[in-house]
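Chemist: Single-letter residue listing:
There are 2 protein chains.
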Amino acid sequence: MLSAFATLPALPSVLASTQMAAADDLPVRGDPLPSWNDTQTKKAIMAFVDRVTKQGSPEFVPEVERIATFDNDGTLWAEQPMYSQLLFALDRVKALAPKHPEWRTHEPFASLLRGDVRGALAGGEKSIMPIVAATHSGMTSEEFDQIVRDWIGAAKHPVTHRLYTEMVYEPMLELVAFLRASGFKTFIVSGGGIDFMRPWTERVYGIPPENVVGSSGKLKFELRDGKPALLRLPEIDFIDDGPGKPIGINEHIGRRPIAAFGNSDGDLQMLQWTTMGGNPARFGLIVHHTDGEREWAYDRKSSVGKLDKALDAAPANGWTVVDMKNDWKSIFPFGSK
Amino acid sequence: MLSAFATLPALPSVLASTQMAAADDLPVRGDPLPSWNDTQTKKAIMAFVDRVTKQGSPEFVPEVERIATFDNDGTLWAEQPMYSQLLFALDRVKALAPKHPEWRTHEPFASLLRGDVRGALAGGEKSIMPIVAATHSGMTSEEFDQIVRDWIGAAKHPVTHRLYTEMVYEPMLELVAFLRASGFKTFIVSGGGIDFMRPWTERVYGIPPENVVGSSGKLKFELRDGKPALLRLPEIDFIDDGPGKPIGINEHIGRRPIAAFGNSDGDLQMLQWTTMGGNPARFGLIVHHTDGEREWAYDRKSSVGKLDKALDAAPANGWTVVDMKNDWKSIFPFGSK
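Residue numbers (the numbering used here), protein chains in the order written: chain A, 1 to 337; chain B, 1 to 337.
Certain hints may be false.
Chain copies aren't distinguished; within one or between two, either way the pair holds.
The list that follows gives simulated cross-link-like pairs (lysine to aspartate or glutamate, EDC-like), each with its CA atoms no further than 20 Å apart [what the hints assert, rightly or not]:
#1 Lys156 - Asp91
#2 Lys54 - Glu202
#3 Lys54 - Glu235
#4 Lys218 - Glu235
#5 Lys94 - Glu63
#6 Lys218 - Asp237
#7 Lys337 - Asp323
Hints were generated in silico from the structure; no laboratory data involved.
Sequences and hints are given; from them, build the entire structure.
Modeler: Here it is, written out as structure tokens:
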């Protein structure tokens with residue numbers, strides 16, 4: 001099952017060495033965040049980690065309670081020109097089309113197969129749901145896992161023509177590894193599909209499947225020829241976005257994070273839940289996409305990763321806002337867009 | 001919040017020492033399962049752990065994939081004369097009764113408050129659901145957490161008059177600790193309420209909140225006077241029992257366990273999911289309650305923890321069946337019933 005990953009890029013060397021340090025329980029040597037410029041943002045991160053990990057500090061937090069939650073789309077990997085999972089679904093529609101001649105005359109499939117993505121998605125959720133159902137259900141959990149592994153190991157980003165797993169932010173990979181090396185348990189808490197992320201998050205972020213929280217569909221257990229299977233049903237079970245994020249965190253982790261990292265209004269309630277609960281140790285961070293040259297610049301008006309209310313709420317709540325253009329020395333492991 | 005635990009009994013010393021060994025990454029010294037008699041059952045457990053942890057063994061499993069799932073009621077702690085969580089709910093009804101004068105004339109509350117537990121529960125699920133709703137919803141997640149901590153720190157078992165957290169099986173505590181010391185990740189997968197277990201499983205079993213899978217109710221995120229809260233709604237979200245267990249495992253862990261431990265038909269599908277998937281490394285175990293003197297003897301006819309189909313399925317699937325009377329040297333940390 002892991003063969004599809006043979007083609008994935010190696011982790012940036014700094015990340016690999018930080019992870020080894022964590023595994024060996026050695027202190028982190030040198031600069032754990034070399035892809036971050038020496039701005040106030042980096043200083044705020046370092047100061048927080050120092051406060052919660054130093055024995056005797058009034059904000060010291062025992063390791064078991066050092067929970068850090070990361071949004072995925074737009075926080076750990078790119079989400080432009082549209083969510084990778086949506087691009088996956090569109091690819092799957094094309095792959096499945098020969099078995100569905102009826103799609104040639106049924107929307108949103110007909111527009112999609114003519115190459116008119118914008119037209120296909122014009123109906124918003126009403127257009128997207130049939131596409132999700134057609135591509136994410138009707139198979140077992142193991143079959144879907146393999147479909148995702150095959151796709152993520154081969155599909156290329158429409159703008160950069162890189163693997164999607166290369167479209168990850170090097171500074172954030174360093175931050176995830178630094179927190180882990182500092183005794184944190186790192187979780188993904190994403191609006192993306194939980195089973196779409198799990199096949200590759202351990203390899204790419206060092207975050208194992210059991211630390212991934214996401215949206216999910218309903219499942220049905222059955223014995224097929226004496227073999228147990230989980231059949232994926234065309235029905236949403238849970239949307240891990242907005243107010244769903246604190247609920248997903250409570251259900252999966254059962255502890256309030258002390259640090260949360262996001263980039264859009266979908267992360268607002270996770271940031272509130274993490275930082276406004278009265279606990280002394282807390283850290284909220286928003287990745288603001290300000291670099292139209294090396295990545296994409298977008299916020300309040302964007303249909304993908306809209307950042308408006310959470311940006312307004314940041315100053316009063318003491319959330320750190322990353323200015324990608326000025327705070328990040330590099331963007332992607334391969335360079336920039 | 002941890003003050004309620006000051007009254008909890010210390011872990012059995014053997015468990016504490018095994019856990020320290022795990023934390024220090026030392027090999028386990030001596031017999032890791034001293035409360036188990038030297039029967040075939042113990043040999044089967046030891047042989048399985050040996051096969052999956054020995055480098056070069058055809059069944060070797062990397063540490064990240066060593067997932068072990070444990071049912072709770074009847075597998076890790078006692079479930080007779082009825083589920084502890086139900087006894088918790090009945091205690092809560094009595095505590096809340098002064099604020100609910102209408103309960104004096106409304107069933108199932110009226111019977112319950114007259115001391116007629118059997119009468120109150122005669123309606124089965126129809127009787128239990130209003131009791132669960134009245135006692136498990138209408139407060140925030142933090143308020144419920146405190147209610148559970150207060151109860152579990154003080155309430156006594158109706159037969160043994162011991163704390164419920166003392167009603168745990170010493171041989172199973174050793175087994176959980178032994179697996180963890182052997183590089184396993186240990187999870188609870190129980191029909192019990194996820195938020196009823198999490199306040200005490202780390203202290204009692206060494207299993208942290210994020211490794212607890214259970215049944216849950218719906219939650220609602222809201223800001224109360226500017227403070228974020230999760231309100232518990234009187235609506236079931238997920239029943240982690242029977243076919244729900246593989247689904248709960250998939251949702252929370254995202255990997256198939258290589259070992260599963262249960263005691264009733266509610267664990268049948270978890271055992272199937274764990275052992276019948278074609279993976280070479282697999283272990284299924286059923287705790288059969290055969291000791292009416294030191295604990296309780298029950299199986300096919302019991303209304304609590306009924307063991308019938310799973311017992312029939314054990315031989316063909318190679319599941320190990322614990323004969324409590326003959327396989328266990330001791331039952332509870334304090335002795336026996």
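Chemist: Go through the copies and call it for Lys54 and Glu202: within, between, both or neither, with a Cα cutoff of 20 Å.
Modeler: Close neither inside one copy (28 Å) nor across copies (23 Å); limit 20 Å.
Chemist: Taking 20 Å as the upper bound on the Cα-Cα distance, should Lys94 and Glu63 be classified as within, between, both, or neither?
Modeler: neither (47 Å within a copy, 38 Å between copies)
Chemist: Using 20 Å as the alpha-carbon threshold, which applies to Lys337 and Asp323: within, between, both, or neither?
Modeler: within (17 Å within a copy, 64 Å between copies)
Chemist: Between Lys218 and Glu235, at a C-alpha cutoff of 20 Å, which is it: within one copy, between copies, both, or neither?
Modeler: both (6 Å within a copy, 17 Å between copies)
Chemist: Should Lys156 paired with Asp91 be assigned to within, between, both, or neither, using CA atoms and 20 Å as the limit?
Modeler: within (11 Å within a copy, 59 Å between copies)
Chemist: Which holds for Lys54 with Glu235 at a C-alpha limit of 20 Å: within a copy, between copies, both or neither?
Modeler: neither (47 Å within a copy, 42 Å between copies)
Chemist: Are the CA atoms of Lys218 and Asp237 at most 20 Å apart within a copy, between copies, both, or neither?
Modeler: both (5 Å within a copy, 12 Å between copies)
Violated hints, listed in ascending order, are 2, 3, 5; each of the other numbered hints is respected by the structure.
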